[in-house]
Amino acid sequence: MTSGIYLDNNATTMVDAAVVEAMLPYFTEQFGNPSSMHQFGDKVGRALKKARKQVQSLLGAEHDSEIIFTSCGTESDSTAILSALKAQPERREIITTVVEHPAVLTLCEQLEKDGYTVHYLKVDNKGRLDMQAYQRLLSDKVAVVSVMWANNESGTLFPVEEMAEMARSAGVMFHTDAVQAVGKLPINLKDTSIDMLSLSGHKLHAPKGIGVLYLRRGVRFRPLLRGGHQERGRRAGTENAASIVALGKACEMAHEAMDFEKTFVKSMRDRLEQGILERVPHCFVTGDPGNRLPNTCNIAFEYIEGEAILLLLNKMGIAASSGSACTSGSLEPSHVMRAMDIPYTAAHGSVRFSFSRYNTMEEVERVIEAVPPIVEQLRKLSPYWADGGPVEEPEKAFAPTYA
Amino acid sequence: MWDYSEKVKEHFFDPRNAGAVDDANAVGDVGSLSCGDALRLTLKVDPDTETILDAGFQTFGCGSAIASSSALTEIIKGMHIDDALKVSNQDIADYLDGLPPEKMHCSVMGREALQAAVANYRGEEWSDDHEEGALICKCFAIDAVMIEETIRANNLRTVEEVTNYTKAGGGCSSCHEGIEEILTAVLAERGESFDPNAVAAEIKKPTSGLTNLQRMRRIEELLEEIRPNLQRDHGDVELIEVDGKYVYVKMTGACAGCQMAATTLGGIQQHLAEGLGEFIQVLPHEELARRAAGA
Ligand SMILES: Cc1ncc(COP(=O)(O)O)c(C=O)c1O
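Residue numbers (our numbering), protein chains in the order written: chain A, 1 to 403; chain B, 404 to 698.
Hints in this document: simulated from the structure, not taken from any laboratory. Just so you know, not all the hints are guaranteed correct.
Result set (DSSO-like, lysine-lysine): computed pairs, CA atoms no more than 30 Å apart in a straight line [said to hold, decoys possible]:
(1) A:K315 x B:K410
(2) B:K480 x A:K380
(3) A:K380 x B:K447
(4) A:K208 x B:K541
(5) B:K541 x A:K113
(6) A:K141 x A:K208
Construct the entire structure; sequences and hints are all you get.
Next up, the structure:
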C-alpha cells in the first residue's frame, strides 16, 4: 500500500493482490464469451461457475443459482425493489428506513412521485428501529420491505433476520442492502427468511463495478434488464467475467478472514476509539456502539466541521470521511446523523473511520497522535469555542442570523 | 475531493486574522441554514475616519468557509466601511481564484457577516433577506429558490425559458429533470400543468433596430448581393414573405429542385443573418402554405 493511512474502507477498499492476479487472465488469454460453444467460451463459463459457488458459500445460500451477478450494489437494490413492485402490481406500499443509502432512498422518493406509498421507519438517537412500529405497518398492501443490514455511516446493525421473519409471517417480501455487512459479519442465508440481498464487490476487496443480487429460490422475480439469457434471463448483458472471477476470489478470502475481522480488526477500531475519546474533550461515538460493524467507528467532534477535519487529516496522509454537509456536494448534512437527532454543532463534525484487515496497529497509534492537535487547531477558529472550552451556553452565546 | 484552488488551500491551512479582535466595536454573527456553517466577524472601526483598522473571524464551517472568512478580512482591512460594503461575494471568490459552485454560499456568508457587522457598528438591526435553496444547476451555481422565484415573476413555462432567464440548465443539462420538477410544482400553484412540448415564448427584443419597412428593404438588398452567385449556376431566388424571424423564399431556375437546395438556403440564411445582425430562418415558400394550413 501507499504511505498514507487508509481508514475509509466503507467508501471503498483496495483490491487484494491475489484478487488482481485471479482476474488478470480474463482480460487476455481467457477473453471468451461464456455463452460461446467453443473452447474459448467454455473455460470462462467454468470460471464463472466457480465464482458463483464462492459467493454462495460466503452468503450461506442454499443454491448457487440464487446468485445473480449485477454491475454494482445500486443495481442490485434497484432490481430487488422494482422487481417486487412489478411482480405484485396490486401491492402499492414499501417499507424502508430513514437511514438507508441513497441507492434505496432516492429510488423510493422517485417511486413516491410515481404514486407508491413509502413508509420510512424512524430511528432513535442511537440509530435503532422501533419493531412495534414496523409490525404495525406490515400488511397485504406492502410489496416489499427493504432494510439495510449495516449502516454505512455509523456501522449500526439492524435486526434484519428478525425483521425478515416478521415480514414472512405477514406474507411480505423482504430485501436487505447488505453492502456494508457482507465480508464483515458471518451470514448464513439459508437459515433466514431473507428473500433478496444486495452486495457490492468493491466493499470487500474486489473491484468496483461488480455486485450481486441474492434471490431466494421461488421468490417471484421480474428482471430489470431483459435481453440475452445470461444469469438465467434474470440479468441480461454479457457477463463482466474478469470482475466476477475477482469477486469470487474476494469472497473466498473474506470467508477465511472472518474470524480476523471479529477479533483483530475490531481491536484496532476499539483502540482508536478509546485513544481519541481519552485525549479529545467534547466528542462522542454516534450510533449504537454495542451493536455495530467491527470495522466502523463514527465520532462526532463538537463545535467544528468535518470537511475541515478531513482536509487537515489528509495533509497528514490520513484518509477518513465525514457526515458533514460540506463533503457531500448536496449541502445537506448527513441524513443519518439528522435522523439520530444529533445537534448540528456535532453532526457537522462527525468523522467516520472505517478499517479493513490491511490496516495495522501502528497506523492506529499514528492516527491517535494526529487527531487531538487537529481538533484543537480548528476549535481555536470556532465561534462556539473560547479559552480551551466551549463557550458557556453555546447556543445562546453565539446565535447567528440564519439565511 | 473538492477542486480547491491553491489560494483556497493556502487560506485554509494558514488562515489570516483568525480569532476575535480584542477591542472590537462591530460584531456580525451569521449562519447558513442550508449547510449549517456559521461565522462571527469582529471589526475595529476608527470612529473618526470610519476605516476598518482591524478585522478577525471565527468560523464553524468547512475548508472554503474558513478560506472565505480569511480572504474577507484581508480584503476589508484598511477600507472605509462604505467601500467595504461594496465588496461582493464574487469579489471574495475572485480573491481566492474561484470557489466550486457548491461552495459559493460560503462567500455569500462572508459578505453577510460584513453587512451584519457594519449594521451592528451603526446601531442598526440587520436581517437577512435572501433565502437559499438546494443547488440545482452546478454549472452556474443556481439554486431552487432562485429558479422558483424567477418562474413565478416571469410566468415561465419551459426549461428553455428558465435557462434564458437564470442560466440554470444552460451548461451540461443534467439538471433539466430537476428544473422540470420545479416547473411542475410552480405551475401547479397557478392551476396549470407542465407541458414538456411547449415552445418557449419568444423573448421580444427589437433585434436589428430597424423599422419593418427598413428591415424588408434590407433583406431585399442582401438577396441582391448573392443573386449573381445563383445566376452563375443558372438559378435564382425570389422573396415571398417575411414573418418575424422567418423569411420565405422561392428558388427558381436551376435552383428549383436542385439537390443542393438545402445547402443553398443555408447559405442565404447565413448571409441574411449576418447582414441583419439578428437570427433569422430562411424557409422554402412551400413551408408558408403548410404553416398557413395549420399543419
Ligand atoms: C449501504 C450501501 N448500499 C449501497 C451502496 C452502493 O454500492 P455501489 O457503489 O456498488 O453501487 C453503498 C456504497 O456506498 C452502500 O454503502
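Honestly, which of those hints from before does the structure not fit? 6
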